[in-house]
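Chains as they are written, first to last, in the UniProt record's numbering: chain L, 1 to 173; chain D, 1 to 237.
Be aware that a few hints might be false.
As the list claims (entries may be wrong) - As a list, the in silico BS3-like pairs of lysine-lysine whose alpha-carbon atoms are at most 25 angstroms apart:
#1 Lys140/D x Lys88/L
#2 Lys110/D x Lys16/L
#3 Lys61/D x Lys25/D
#4 Lys39/D x Lys59/L
#5 Lys110/D x Lys59/L
#6 Lys103/D x Lys58/L
#7 Lys88/L x Lys51/D
#8 Lys110/D x Lys7/L
#9 Lys7/L x Lys167/L
#10 Lys16/L x Lys59/L
#11 Lys110/D x Lys88/L
#12 Lys87/L x Lys196/D
#13 Lys196/D x Lys58/L
#14 Lys52/D x Lys140/D
No wet-lab data here; the hints were simulated from the structure.
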Amino acid sequence: MNPVHKKIPVLIHNGKPVCESLIIVQYIDEVWHDKNPLLPSDPYQRAQARFWADFVDKKVYDCGRRIWATKGEEKEAAKKEFIGIMKKLEGELGNKPYFGGEDFGYVDVALIPFYCWFHAYENFGNFKTETECPKLVEWAKRCMQRESVSKSLADPHKVYEFIVSLKKKLGNE
Amino acid sequence: MEEVKLFGYWVSPFCRSVEIALNIKGIQYEYIEEDLTNKSPQLLQYNPVYKKIPVLLHNGKPIVESMVILEYIDETWKNNPILPEDPFEKARARFWANFVDQKCFPALWKTIWSTSEQYEQNKAEALERLKVLENELGGKRFFGGDSIGMVDIVANFIGFSFRTIQEALKLDVFTEDNFPKLWEWAENFANCSPVKKCLPPQDKLIANFPPAYMGKTLVSSFQSRLQLQFHPPAAAK
Numbered sequence: 001m002n003p004v005h006k007k008i009p010v011l012i013h014n015g016k017p018v019c020e021s022l023i024i025v026q027y028i029d030e031v032w033h034d035k036n037p038l039l040p041s042d043p044y045q046r047a048q049a050r051f052w053a054d055f056v057d058k059k060v061y062d063c064g065r066r067i068w069a070t071k072g073e074e075k076e077a078a079k080k081e082f083i084g085i086m087k088k089l090e091g092e093l094g095n096k097p098y099f100g101g102e103d104f105g106y107v108d109v110a111l112i113p114f115y116c117w118f119h120a121y122e123n124f125g126n127f128k129t130e131t132e133c134p135k136l137v138e139w140a141k142r143c144m145q146r147e148s149v150s151k152s153l154a155d156p157h158k159v160y161e162f163i164v165s166l167k168k169k170l171g172n173e
Numbered sequence: 001m002e003e004v005k006l007f008g009y010w011v012s013p014f015c016r017s018v019e020i021a022l023n024i025k026g027i028q029y030e031y032i033e034e035d036l037t038n039k040s041p042q043l044l045q046y047n048p049v050y051k052k053i054p055v056l057l058h059n060g061k062p063i064v065e066s067m068v069i070l071e072y073i074d075e076t077w078k079n080n081p082i083l084p085e086d087p088f089e090k091a092r093a094r095f096w097a098n099f100v101d102q103k104c105f106p107a108l109w110k111t112i113w114s115t116s117e118q119y120e121q122n123k124a125e126a127l128e129r130l131k132v133l134e135n136e137l138g139g140k141r142f143f144g145g146d147s148i149g150m151v152d153i154v155a156n157f158i159g160f161s162f163r164t165i166q167e168a169l170k171l172d173v174f175t176e177d178n179f180p181k182l183w184e185w186a187e188n189f190a191n192c193s194p195v196k197k198c199l200p201p202q203d204k205l206i207a208n209f210p211p212a213y214m215g216k217t218l219v220s221s222f223q224s225r226l227q228l229q230f231h232p233p234a235a236a237k
């Protein structure tokens, strides 16, 4: 289904595969466009949303990974970078309830899945996102009150255990 | 009145993508060349996160990141669409544009900078990526079908600059023998009028490559390799 990258996620809709998570999210938004649109209708607002979702996509996973996968100076640098990324996102959020404004939207969808990884990052990096970016954590908790989010996200403790066992496998302790 | 400005850099394929899209749509725009060794306050103001070109300014509002700009252009000016209307085909086009951007461009770029020890390995990776791309092209004239679309636009580096640089360095990565369909695509692509309008002359490209902002070491390394007529080791068949 994904011969090019051999990766998940792959969405299969009526037998046809769609790959790459943000491409899939846009596909879902376009096919089921009548209900709860994720992207705004104005092209400029859409461009802003795409920019920030792309920023999340490019930065968060890779930086987070370096927090748990490295040691010493490299780990400290990754932690600083991660906090910087979160602060930028917090700045973009501003006083809005969601990145999408009044409604949960595309950028919220792109970022919230990483919330269940925060516990692991914080443990390995020895920091608290809530201390550094309180408004962002407020936003995350608000998102978690949505059933669509809380049902989908993994348990943060299980994520932490998963990374511990992954590190063992990689000989990375 | 529409006011469209593009902050760019003459050799950047990301900037070229935006110019091609604007040309396809017939949009009049003011082009502002940025000196990337000395970025303008406007650039820093319009793109505070990445501080890079291209930046499209539409009626004073900035849009950045070339793929985001392409989507914006397609949604704002509806004539001559560069993306299909059908959601599945659109997702496909986005996927392949992403593949070109994330996988093909870096692989080809690496071959330009390879030492003789690195060349064969980097070339092998580039060949693999080009093969996948050629399979996707299949029998189509362009990735977009009969006319150029987003994937063709994003692949402009392959269609033009890479072949020019490759020829100057006497590399053998993207050849007509290896990739007959992609080669033909490149010929057709470079001859399309929205593309032709914004291609720099080949000799200017070589004389001024790589761009100064990449640093003196890289610039002199490239220029000396040109003079030495760098010959990669003969490929084992």
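Checked hints:
1. Lys140/D x Lys88/L: Cα-Cα ~43 angstroms, so violated.
2. Lys110/D x Lys16/L: 34 angstroms, violated
3. Lys61/D x Lys25/D: Within the cut-off at roughly 19 angstroms; holds.
4. Lys39/D x Lys59/L: Holds - the C-alpha atoms of Lys59/L and Lys39/D are around 23 angstroms apart, at most 25 angstroms.
5. Lys110/D x Lys59/L: 22 angstroms, holds
6. Lys103/D x Lys58/L: 14 angstroms, holds
7. Lys88/L x Lys51/D: 14 angstroms, holds
8. Lys110/D x Lys7/L: 24 angstroms, holds
9. Lys7/L x Lys167/L: Within the cut-off at roughly 20 angstroms; holds.
10. Lys16/L x Lys59/L: Violated. Lys16/L to Lys59/L sits at ~29 angstroms, over the 25 angstroms cutoff.
11. Lys110/D x Lys88/L: 31 angstroms, violated
12. Lys87/L x Lys196/D: Violated, because 43 angstroms separates the two Cα atoms, which is more than 25 angstroms.
13. Lys196/D x Lys58/L: 32 angstroms, violated
14. Lys52/D x Lys140/D: 34 angstroms, violated
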